[in-house]
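Student: So you can see what is in the structure, the chains are spelled out below.
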Amino acid sequence: MDIDLSFNAMTMTAKQFGEMTKTMMRETMVATGGKQVIDKITAPIWSWGQRNSVYPLHFGIACCALEMAAAGGPRYDVERLGIVFRSSPRQSDVLLLNGWISAKLRPSLKALYEQMPSPKWVVAMGECTISGGPWYDAYNVIQGADTFIPVDVYIPGCPSRPEAMIQAFNMLNRKLTAENRGSFLDD
Amino acid sequence: MSEVIIYDAPERSVEEVSKDIKSKFPAVEVLKVAPKRLHLQVPRDISFEVCKFMKEGLNFEHASCVTTVDYLDHFTVVFHISSWTNHILAEVLVDIPRDDPTVDSITPLWGGANWHEREAYDLMGIVFKGHPDLRRIMMPEEFKFHPLRKDFIVGRRV
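Here the protein sequences line up with chains A and B, keeping their order. So the first sequence is numbered by the working numbering: it starts at 1 and just counts up by one. So the second sequence is numbered by the working numbering: it starts at 1001 and just counts up by one.
So here's chain B without its partners, still in its complex pose (with noise of 0.2 Å):
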């Protein structure tokens, strides 16, 4: 029979994680700290290696949600990050441009992000790079279109 873990009390306290993230990765800017919240604004290049060090060194078991965010000018595609352990849910902001809307995928960490960057990929129209099979998940596949874009005209079916 497995071990059985208690997530009683938080190991870590907020406060210590966000420093160890911002001690190892200068370019990471800490937006808010709240109790049991963790927004972090993290550039595109250094995306996967953020996550990678939330789940190998801080403890984050679990990635709740992929989605992204239609701001006109940019999308923001974002990571809902877990940890038991630590009682913390990360939120993962990552900015990338319009006319490259690629990011890296985080599935080859948490397998279960594999649909949420599936989605995304279908309504937004975000390639997630380093993903195992990217293809449109609800609509058909001869669709030409993202429709959750904010420059998506209601009514076009082409």
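Next comes chain A alone, as it looks inside the complex (with noise of 0.2 Å):
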């Protein structure tokens, strides 16, 4: 820690007095242990606000993005389990890809992934995001979502059902709830 800086905060702007006090806040935290102890106390609340607040975002690109509209619809109604499908990147946590990635839409897609806030999941539905499915050795066609972006969960299936895309975000639960992410001071 920087404790000269103190000395001259009256010459800072406000934006470095207020990245100096930060740094001082986290850095004490983490030298007295109490970090540790506020992760350990916020975790529980944290993680489960987190798993019960899954917003994938509402891309659909192909046919499985049907069965993503019929797992929103009132048969499946997946927003009782909290997943509220969001319309910009800025506000999800999960990328559902569901659908053949052309050569043309990867760049988009990769931008999307780079738009949403960390911390952020990928779910890959259907055997074309996961393999290129059907259009295996295509010339047009990516060969599987995880050549250019990291993939959590897999749903096989060709359409997958809704059951199944479901299935998928209670293993994105578990996995959220090992994580058992604290964060008092973002990390």
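Treat the hints as calculated values from the structure; they're not laboratory data. Check the hints yourself; a few may be wrong.
A few chain A residues facing chain B, derived, Cβ under 8 Å [as the list claims (entries may be wrong)]:
| id | residue |
| --- | --- |
| 1 | A103 |
| 2 | K104 |
| 3 | D137 |
| 4 | Y139 |
| 5 | N140 |
Quick list of in silico lysine-lysine cross-link-like pairs, BS3-like style, CA-CA up to 25 Å [said to hold, decoys possible]:
| id | chain 1 | residue 1 | chain 2 | residue 2 |
| --- | --- | --- | --- | --- |
| 6 | A | K175 | A | K35 |
| 7 | B | K1129 | B | K1055 |
| 8 | A | K15 | A | K35 |
| 9 | A | K104 | B | K1144 |
| 10 | B | K1052 | B | K1129 |
| 11 | B | K1052 | B | K1036 |
| 12 | B | K1144 | A | K110 |
| 13 | B | K1024 | B | K1055 |
| 14 | A | K104 | B | K1150 |
Label pairs and their calculated CB-CB ranges [said to hold, decoys possible]:
| id | chain 1 | residue 1 | chain 2 | residue 2 | range |
| --- | --- | --- | --- | --- | --- |
| 15 | A | G157 | B | K1150 | 32 to 42 Å |
| 16 | A | S108 | B | P1132 | 21 to 31 Å |
| 17 | A | V84 | B | S1002 | 45 to 55 Å |
| 18 | A | P119 | B | P1097 | 53 to 63 Å |
| 19 | A | T13 | B | E1141 | 41 to 51 Å |
| 20 | B | P1140 | A | G157 | 25 to 35 Å |
| 21 | A | S108 | B | D1151 | 24 to 34 Å |
| 22 | B | D1151 | A | Y136 | 16 to 26 Å |
| 23 | B | R1037 | A | M171 | 57 to 67 Å |
| 24 | B | P1140 | A | V84 | 30 to 40 Å |
| 25 | B | D1073 | A | R90 | 53 to 63 Å |
This one's a predicted model, so the numbers in the text were calculated from it and none came from an experiment. Quick reminder that beta carbons are idealized off the backbone N, C-alpha and C, glycines included.
Dock the two chains into a complex; use the hints.
Tutor: Printed below as a string of structure tokens:
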């Protein structure tokens, strides 16, 4: 920690002052073990909140998107599990890929993934997204989403049933429970 | 209000139309004449003149489709041109060599052929001379191949 900074606090801009306070607080918490304590206390609450509000991006590519829509409909109603489809990547936690990824779509998909705030997860739904599926060896279809973004859960099926999608989110739920992420000072 | 045209009965028969084309362009080979159908084999160098004559002299108002067939030793560009006045769908075949796949564009005559020709260029690599905007229509610009050609190796992506 740079203690000298506190002496010329008067000459700092507001931004510099904010950064200095943040660093000081953070390093104090880490050094004294307060962070670990707070993490331990907050982790169950944070993790509970996180895994009960998994928001996927409402982005449909191909026929698996219809299954996604069916899962959002009244019969399966994924909203009761806290899976709410958001229209903006800034508000979503999960990138749900459903359909073939053509060479022209790949840059846009990569941009969408990078626009999502961390922590974020990727669910690959259907054969096309997993390995190209029926378009294996095609000149224009990317052979699997994991060739360019990391994938957490794979859902097989062509197309997958809405139940399979719900199961994938249950698996993601289990993953979040295991991670047990506490975040008092953002990390 | 514009005039309403009713295409009830054909003005001229297929035989008359094919005879007109044959008399004006002796190099054109009439492959088949069927009711409402006309199949023409046109040499590459006069294809645009034939199409222009068909549009301006024979009332062919509409280009329905432009596509290409790969016969390994040559390409055949197929223009489907229809006439509502005469109730004819003409199929104009133009053979072009494999090492020089260029043909005259019919977009200056029928604007609707624009995207069809771009598609033929995208998938088969046929270069249409006189096309206003010959770019790939579906695949990314950085692709260096034309995948519907018979000699395209499946699984190749470069």
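Student: Is K1129(B) close enough to K1055(B), meaning Cα to Cα at most 25 Å?
Tutor: Holds, at roughly 19 Å.
Student: Are the Cα atoms of K15(A) and K35(A) separated by 25 Å or less?
Tutor: Answer holds: K15(A) to K35(A) is near 24 Å, not above 25 Å.
Student: Is the distance from the Cβ of T13(A) to the Cβ of E1141(B) consistent with 41 to 51 Å?
Tutor: holds (46 Å)
Student: Can you let me know if the beta-carbon spacing of D1151(B) and Y136(A) is within 16 to 26 Å?
Tutor: For Y136(A) against D1151(B), whose Cβ atoms are near 21 Å apart, the range 16 to 26 Å holds.
Student: Taking 8 Å as the limit, does the beta-carbon of N140(A) come near enough to a beta-carbon in chain B?
Tutor: holds (6 Å)
Student: When you take the CB atoms of P119(A) and P1097(B), is the distance between them in 53 to 63 Å?
Tutor: holds (59 Å)
Student: Regarding the pair K104(A) and K1150(B), is the alpha-carbon distance no greater than 25 Å?
Tutor: holds (23 Å)
Student: Does the Cβ pair G157(A), K1150(B) satisfy 32 to 42 Å?
Tutor: Because 35 Å falls inside the window, the suggested range holds.
Student: Quick one, are K1144(B) and K110(A) close enough, alpha carbons at most 25 Å?
Tutor: The given pair, whose Cα atoms are some 23 Å apart, holds under the 25 Å limit.
Student: At the C-beta level, are D1073(B) and R90(A) separated by a distance inside 53 to 63 Å?
Tutor: holds (56 Å)
Student: Hinted pair, alpha-carbon criterion (25 Å max): K1024(B), K1055(B). Please report holds or violated.
Tutor: Distance of about 14 Å is within 25 Å: holds.
Student: Any CB of chain B closer than 8 Å to the CB of K104(A)?
Tutor: With a minimum Cβ separation of about 5 Å from chain B (threshold 8 Å), the hint on K104(A) holds.
Consistency with the previously given hints is maintained throughout, with no hint failing.
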